[in-house]
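**Q** Here's the letter readout for the chains.
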Amino acid sequence: MGAERRELLMQGNEAVAEGALAAGCRFFAGYPITPSTEIAEYLSVKLPHLGGTFIQMEDELASMGAVIGASLAGVKAMTATSGPGFSLMQENIGFACEAEVPCVVVNVMRGGPSTGLPTFPAQGDVMQARWGTHGDHPIIVLSAASVPECFSLTVRAFNLSERYRTPIILLLDEVVAHMREKITMPPAEELEIFNRVTPTVPPEWYIPYADTPSGVPPMAPFGEGYRYHVTGLTHDIRGFPTARDDEIGPFIKRLFRKISQNFPDIHMSQTFRTEDAEITVIAYGCVARSAKRAVVEARDRGLKAGLLKLMTVWPFDRSAVEQAARRSKVVLVPEMNMGQISREVKRVNNGVSTVETLNKVDGTLITPGEILEKITEVLS
Amino acid sequence: MGYRYEIRLSGSGGQGLILIGIILAEAMGLYEGLHVVQTQSYGPEARGGASKSEVVVSDEEIDYPKPQKVDLLLAMNQASCDLYFPDLKEGGTLLVDSTFVNQIPSLRAVRIPLTKLAREHLGRGMVANIVALGAISELTELVNITSLESALVGRVPKGTEEINKRALYLGKSEAEKALKEMQGKEIVDYTLEETAV
Amino acid sequence: MKEVTKLIHKYLRHDKKFPHVSCPGCGNGIILGALIRAIDRIGFAKDEIVLISGIGCSGRMPVYVDFNTLHTTHGRALTFATGIKLAKPELTVIVFMGDGDATAIGGNHFIHAARRNVDVSAIIFNNNIYGMTGGQFSPTTPYGMKATTAPYWHIEHAFKIAELAVTAGAVFVGRETVYNAKGLDALIEKALLKKGFSVVETITHCHIQYGRYNRLGTAVDMLKWQRDNSIPVEKAQKLSSEELEGKIITGVLVDRELPIYQHEYDRIRERAREIAV
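Chains as they are written, first to last, in our numbering: chain A, 379 to 758; chain B, 4 to 200; chain C, 2 to 278.
Rather than coming from a laboratory, the hints here were simulated on the basis of the structure.
We treat Cβ as the ideally placed atom computed from N, Cα and C, and that holds for glycine.
Some clues are possibly wrong.
To be verified - Sample of chain A residues at the chain B side, in silico, Cβ under 7 Å:
1) SER465
2) GLN468
3) PRO746
Claimed, not checked - Incomplete in silico selection of chain C near chain A, CB under 7 Å:
4) PHE68
5) THR150
6) ILE269
Claimed, not checked - Straight-line C-alpha distance at most 30 Å; calculated DSSO-like pairs for lysine-lysine:
7) LYS752/A / LYS168/B
8) LYS225/C / LYS183/C
9) LYS183/B / LYS682/A
10) LYS92/B / LYS738/A
11) LYS738/A / LYS69/B
12) LYS682/A / LYS92/B
13) LYS196/C / LYS424/A
Input sequences plus hints: build the corresponding full structure.
**A** Dropping the structure here:
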């Protein structure tokens, strides 16, 4: 029997919810929106059982605010949404970047712009995930391509958010979110869970936004003696608003440094048959699955194709892409948008190899056949 | 080289196609130990509109999650039969609910009045989807009726297990009957030979 | 040491935050002072207070006081408050908002916080104008008045914030002027002690923006206007709507018992444990 092995048939959205619970998430605030709603529904059942809190807010602006509030109180918190709601969340995602509040935002991508295609997949929010909130800021964005990855990358999203005190965006698409696959749930003791570093100094010595070698200051939860100020204004090391250029610059640079000096820890990708690939397909999310099939079929035809699957979308995995570009004559970037990650690939490739694109925006998943056709055309 | 078998369950919203997709995937994945991916596509309507649920099953890891050429197509209304028949693999199996599908594009279609049977034998047209599931167990060797029964019990509302089990076995026996009839008429027994793996 | 000086020493942050941003003569300091007196009288520990604000002149107040302080985004203070209170119910959560903050950009959050009845106290600084951005009209700028974005005159009608809160379901709603500073701290004390969502609408003056465009005089003139136009709610009940036109109805408008969100959610938790999902 499957159940004894803890092997389950689970939906992507449900696996996200299970991953969140396994990572220690005990607070969810959200607003119903297709195709992400199952995450909220699942957690509305499970969280109260675990002593956690589920709350349906009046909109996504509020959801994001409540998530940040809960995190400041010391509780791991998340929300889940889709395009229109993700747009509304941008304001407070920026707050979480500025005030360095750990939290996880799941965006199940559907067709857009605007209301777009509520029940159809797309990958149009990749740049929005990077630059959606105003101002210069780093951000970490992950992309899941399977039900097991929905689980493991949600755990990873929480771990990264706690480690780097930053909001993490997990991108799904309608295909992955609604897909059901087998998943073997790892026992809790096998999971590596990271909890935010809290201050060890007494309150009077605590400097809430002090620079540290990692660039990440320890974070005191509200209500435990460390009374400090949290603001969306640019602030000094004590958290107080500042207008001094010798404080503003170092603060913004530290926000970037805490991410950039840890790229090896943050970047995550997989390669498939790239060793001798004359063409490397660079894909993420559900399209990576079509690409893998296309690579298998291309190899069957004697075409030397390989796949680089990006699981960390932002910060962009420059070294992995550069490696692919150096090894192959051609890289091909299939995306369910008019070309978002392909722009980054072109920038990073910098003329080393030829960058081809395959863009599909009709609300259906790119098929292996379409990618194979492009591979064949490019290599002949 | 492994095999890949693709099932599409289609009809209108509210006919329970996503549910039987999940049960089928669970039976094949957890009880038969195969690799399985279930996906779905649906319109904005909660009821009515077009609905389909798809299951891809394989003995190795599944990359592309959607069917490319369908091995088994269930059509529970005329519109879905018309729309999806062209995607059926040559020699693939077409199962239609002949309560609603009367223009059948293939002589070799397995015709079972799923909804009518559900109404007449079980008093509830809404278990027609489970009748279809039982029939599917007879049309492919990849899933056993007992696996389906185990998966079904965990997925249907409490208190409806019995009627659903009866629907499942009804579907199986009706499919047996239909296949026998087709053999009698000297229509090639394509189902088990050509799609068996 | 004077009583006031003692309170200042006890509650104000002394590191780096002064001078403050408020204009000379502003009423905001009176509201902050009233809150501190109320907190001190109740005897809350500083660690258990979270003081949250949105954007605008009111938004800049929490930074000066020695609590857990949180300066959020425009209009959203109540949403952060909801998250904090539900995640850590033992904290006392107080929210400062301006009139534009609470009823324009944050209007939806305000009515839903009142409806939901999470145990949070909202203190609204109503000065009838957007002060920090330079005097644009707000949802409480009265009809016919002037603002930088109503250079001819204002053609919209004002929200009555306290009455809006009553209708939306707040369990405690009061209104007071900064002129009546003692009445204000008494009212805030009641609001803080009330379980559930409580609202104190504070009528304050912005002589720098609103007063200047509308020739209402100095801060002192505007305070006197508050004094002369305030009517306690008990007295107001006996007056006609014509007699109440342009007046400030002060006191406790509503004080009622309704189920509190956290308590209701605790019951959900118990039930979820029973059925062991």
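**Q** Any hints from earlier that this structure breaks? Give me their numbers in increasing order, please.
**A** 1, 2, 5, 7 and 9
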